[in-house]
Every structure is written in C-alpha cells, then in structure tokens.
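Based on these hints, arrange chain B on the given structure of chain A.
There are 2 protein chains.
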Amino acid sequence: VTWLELPPDSLFGVANLPYGVFEADGVRRVGVRVGDAVLDLTAVLGDPAFAQPSLNAFMAQGRAKWSDARARITGLLTDRWHRAAVEAALHPLPGVRMHLPFEVADYVDFYASEHHATNVGRLFRPTGEPLTPNWKHMPIGYHGRSGTVVASGTAVTRPLGQRRGEHAPTFGPSARLDFEAEVGYVVGIGSPPGVPVRTSEFADHVFGVFLVNDWSARDIQSWESVPLGPFLAKSFATSVSPWVVPLEALEAARFSPPPRDPEPLPYLTDTDKWGLDLALEVRLNGQVASRPPYAGMYWTPAQMLAHMTVNGARVRTGDFYASGTVSGPEREQRGCLLELSWGGAEPLALPDGSVRGFLEDGDEVTITATAPGAGGTRIGFGEVSGRILPARAGKA
Amino acid sequence: VTWLELPPDSLFGVANLPYGVFEADGVRRVGVRVGDAVLDLTAVLGDPAFAQPSLNAFMAQGRAKWSDARARITGLLTDRWHRAAVEAALHPLPGVRMHLPFEVADYVDFYASEHHATNVGRLFRPTGEPLTPNWKHMPIGYHGRSGTVVASGTAVTRPLGQRRGEHAPTFGPSARLDFEAEVGYVVGIGSPPGVPVRTSEFADHVFGVFLVNDWSARDIQSWESVPLGPFLAKSFATSVSPWVVPLEALEAARFSPPPRDPEPLPYLTDTDKWGLDLALEVRLNGQVASRPPYAGMYWTPAQMLAHMTVNGARVRTGDFYASGTVSGPEREQRGCLLELSWGGAEPLALPDGSVRGFLEDGDEVTITATAPGAGGTRIGFGEVSGRILPARAGKA
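Going line by line, the protein sequences match chains A and B.
Its first residue numbered 1, the first sequence is counted upward by one per residue in my numbering.
Its first residue numbered 1001, the second sequence is counted upward by one per residue in my numbering.
Here chain A stands alone, though its shape is the one from the complex (with noise of 0.2 Å):
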C-alpha cells in the first residue's frame, strides 16, 4: 500500500510509474510520473543512466534492469521511511516541461487494423479489394521520418505539397489535414544484425508503450504514394505522447488477440498473448471526436517486431514502431478524419456543434488511452496533442 495520498481513480499510481523526460531549473532528466507530478529519478535512486536527456541509456540497460527500477520506485512510494525523501523530489508537472522521452533511431509505422486497413482501401480503391492480398499475411509497414518526431504540445504547422490536379499538379496548403491515432512501441534493447526477433521475445526488446499522431496530409498522399508509398503526406511531423509506459504496467492489459484467417506464416505466430486492451479517446478542440478501441487490432506488436526482424535486420535502442491508425467496427470508433468524415463526404458533427470534413487551421488534436492496471485499477498514459497552425506564406 502505497503512502502517496492520490485519489483512488488516479491514473498515475504505483500500478502505472511510466517514464519520460522532464524539465526543471533549465535541467532535462528522467522521471517517473506519480499523481500529478513527476519523481526526479536522479534525485532518488543515485543511477547516472537518469542523469539524461533521454531515456536511451535505461532503456539500454535491458529487462532485468527496467524491472528493478521498477520495483525500487515502488519500494519508495510504499515504504515510509522514504516519504520526505521521496516528497522532496517530486515536483508538480505544472512547474516542469516535458519533452521528447526518447531519441529517435529508426521509425516504422505499420497498417494493423483490419477496420482501418478496409475503410482506406475503400477510399482509396473504390473499384478493388479493400485489403490487399497481402495484407492477412504480414503486418504491412514502412518507414517514416525519424528527424521529424516531435513532442506532445509541439505546434504542427500545415505542410505544402504537390496535389493532383486537373491536367497537372497543383501546389499549395494541404487541403485534407488528418490525425491518426495511433499506439507506439519503443525499443530498449536492440538485436544483432542477422538475428530475428521471435514473438516470444519481444518482452526482452520492447520497454514500453505511448500514444502516437501521425499527422497526415491526405491530398498530398494519394498523389504520390505510387509506387513507393507514403512520403511527404507523413515526413512533415509525427508526435509522441511524453509518458512512456513500461509493459509490466501492462500486465492486466493483455488480451486475446481476434482469431486470424488465414493462419499466419509459423513465424509469426502468436506464443504469447500480446494483444492490448487500451481504450483511445480523440478529442478536437476539447470535444470528443471518436473512442478507438486497440483491443481488436488484428496484428500485435509481437507480430510486428517479429516481421520487421524475419530480414535479418537489426533493431536499435530507440528503434520505434507504431500501431498504425487504430479503428473499431463502428463509426465512432474510427481513428482518423478520413474514415470519420469518409474522405470529406460525410463531415463529422461534433458535440458542439461543429463540422469537419479535414483539421482547420487552430485546430487542436489530443488523444489519451487508458487501460486496466493492476489490482483493479486504470492506468493512463497522458496525452499526445498539437494544434495546427495555419501554412507558411509559400508559393510552388
């Protein structure tokens, strides 16, 4: 029993402790969020490895090392005897800023959602197969740009771009600015060059879990996506929620992934039970635009380290890979404007009373997720948001 005197539907409790990167007295360090605060962990726990801009270096330490942090930032917040210590070293997070939790190796972006996957397909390729042949096979990815992952709260300012046009390409603003909620995975512990990743090992690899928008740029992406698929309608920002969760918090979380038609390949076939069930809430401007639920997601995130490896690439620390938009069977479950508004066709009303078919310029995006914790709690994973400003004075 913990002496911290949060309320019991906190979902920063000791059943939680995610880690990110905060600011204080103009000094980047690692913590542990508590409540509504952040615990200084260089203050508390003495390792040099917290005494970063980044959480590479702890993440580098590998399972073992992850889990006794753990259990020693317990130990504090349990015990006591630690208390003044412990209160000394927790700072309010209004008075810190949060920050990029992660330097960024490589980026992947995968497509797992079999509602998601279907309704682009639709949109994209109205005369076709929704789902490609390939896409029951394999968790479809590809690579983003890791030189533009930006923190939660960073402005995302509106791209320009080459979009199709009548006779020839137009040039201008991104008429069809999208969100898309997303769930991200980051790794600690890389692999050698040659060595796949199995399903089974993916807990040796993977710290933890945070909340992705991979803004989109519709327009610019159907014009040029073939044949070597998404380039500048993503390359232009992609943000990351502050709070890293780390997967023991996730425990109560697992959850059965959907039964798979066809079976997969052996290699990716499921040991354990990876699936997660988070529940993802969208919000714009303050009001609720959709509630996805990740538990349906047809590929997990076993599967795609596992895919992502069976090459005999390597993975890195700080390696991340995300989920891909994550949408449910229901409307208001879609995970980004062009499902919820169906390409602009159908505009989404909002509670207040708003439409929208794309984001405007002063738009504001936040997506939050929380999931079952330990002991019958929720657990939380913060936020990922970034308002839109409107495109820089620009001609082609």
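Because the hints were derived from the structure by calculation, they are not lab data.
With a straight-line Cα cutoff of 25 Å, these simulated DMTMM-like cross-link-like pairs (lysine to aspartate or glutamate) come out:
id: 1; chain 1: A; residue 1: Lys136; chain 2: B; residue 2: Glu1166
id: 2; chain 1: B; residue 1: Lys1136; chain 2: A; residue 2: Glu166
id: 3; chain 1: B; residue 1: Lys1273; chain 2: B; residue 2: Asp1068
id: 4; chain 1: A; residue 1: Lys136; chain 2: A; residue 2: Asp270
id: 5; chain 1: B; residue 1: Lys1065; chain 2: B; residue 2: Asp1079
id: 6; chain 1: B; residue 1: Lys1136; chain 2: B; residue 2: Asp1270
Positioned in the frame of chain A, the structure of chain B alone reads:
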C-alpha cells in the same frame, strides 16, 4: 603543384581529396585519401572534429569550414616545407580499416532515373503506363532503414521473407536478390523545421557524394510493396562507399540535366546546374556487368533536397539520400539485375561466360565511379563492395 609523387592518372590526387573514417592502431578517426594512402587529419590539422569516429562533427561545421579545411590540406600537399610532417601522417591503405564515413540520421532513397523507372514500370506493371502520373512532376522517394546502412566490404546475408505463392505466400531465402547502383548525398548542415531548402541552397547543406548499393530482394518487394511501398525487401542492408567526395571537388563534373517535360513546379526549378557527369561501373565477381552513366539522371540532387523539405520537414547532419538505381538508355548501362536480366527472363552473360538472372551465394558486387576533376584530371569515388552469404538456416 603537389610534391606528391603520384602517377599522373591517379584518381586520388589533390583534385579529389575525399574524406573517410579510418582505423589504425585501434582508433577510428577522420582522414583524407591521397593516392593509395590516407592522411590522418587529426595529426596534421589539429581540429578535434577530426578525432572522431564519424564525419558528423566536421560536416556540422558548414561550408566555409569545409572549404577552409580543403584549402589547408591542399596547402600541406603542395608546400614542400610540410612534406616530412605530412608523410609521417600518411597511412598506406592496406594497413588501415575503413569504416562507415558518417553516422546516419534519416535515409531517403529516390527513384530519379527515367530509364530505371520506365524499365521497372514495364516489368512490374506490364499492362499499364510504365511511369506513374506523378513521376515527371516530382522526384519520387521513400524512407529507408538507417540502422542497416553498412560499410563497404560488409558481407550481406541473403534475406528470408515472404514471397507471393500460388494460393498463399511462401517463406524462404529470397530467390531474386539484386544490387542497385546508386549515388548518395550526405547532409552536413541541417535545416530548421518549417523552412524548405531551395534548389539554390543545395551546396550550403550537402557536404559530399559517395556510392551506394541498395541491395534489393525483388520477390519480397513485389509481394509486400502495395500499398505502402518497399520495406523488408530493402531494409536488410544498404552498403555505402568509404570515401565522401566533397562538392568542391566536383565543379568540373557539373553537367546540365536533361530537359524536363513538362516543366516541373517552380520549387523544383534548377537555379544551378547540379547534374553530375559520373561514370559508374558495376563488377560482378570481377567481371564488368554494367556501366551506368549518371549524367542522364532526370532529377538532380538539388531537386531531391528541395522536394524532401518542401513540406516543412527539416534535414539534419548525417541525413543521407540516394539517387535510386542509375540506369542509362542502353541495356549495358542498366544499374540492377532486375533490368539487366529483364526480370530473370534474359539472364545476363558476363565476359567470363557466367550467367546471372539474380545474385547467387558467394557473388561479390563492386560499384566504382569516376568523374572529371579540376585541371583535366579524373577523380575516383573508390568502391562499394559486398559479397552475398547464404541465408541463415531458418524456417518460417
């Protein structure tokens, strides 16, 4: 006039002076190639940026410092006064080991040869137009995997993966393993978020040029690539040459790119002539397999950088981008086996009588290039080479 006693046709005289990272006595540091030796810049220039295991610190100093260093090195090699000191800092190449020249931030691969894109379009989409409608309006590109970029000489293990099957995909070693002869560009000075790099600013950002072999598994590629582009077909390995030729050494190699029809959008207008007259050569087990000319490439590296940043994406020190396969109009100028063997249908006959559809285990691919240098010289790029190792024992 240099005091160096190099043969007059040396590809590595004072007109070239490419930078690389060499290891001698167990320490990695930056040097410049002079003839068949490497000059230890830490020993002769005393800038701590050279006492680093990558070019990144030096590249981050910017164009004026690049120019200054080149002038100082040229001075050392022309003023006899310095001869003894310089000779003491020269390491014959056989006694050193060359490493990856820079730490890779983001990696983007383009598709800038019209001949290559046309051939690939004919092979992959035999019933449609060979070029997609966007191809002549923008340099098509996608993000590759930074963590699997390897130094020349690193062996490449044949990847395993999924291939299209009659009823269901099959799994196993790629049966259509290929090379791609490309030219790479590394960014020295990054750009701030939201500010595109104009074509006229190319030489303020890009430090230099090198050779790339973008190994490709064509069977994995054709099964996985729709709709999000190539992923595991490319991510197992990308080899780069050890020597980065600075832009200043390439003044005599600058070349007018072919006329573009239709005229591209204004942000892609060529303000300066950044076509490059590089003559590539691909050898397979020592036999000449192809001689791709770079001068005919449709899109220049200045256009690629302008396109990559037009949406506001920043670039960083260590970002590199590659041209895509360099293919000329003639069959013997094609830069990959997919084209040279027409998808395996017309196997390539090498001078020694051997025949290849795709790469076999044990095959060694070496790509070299030369270009016009100052004063009527020719300058060399060195080589990027790699040998294919058999796939690891592995089942699906």
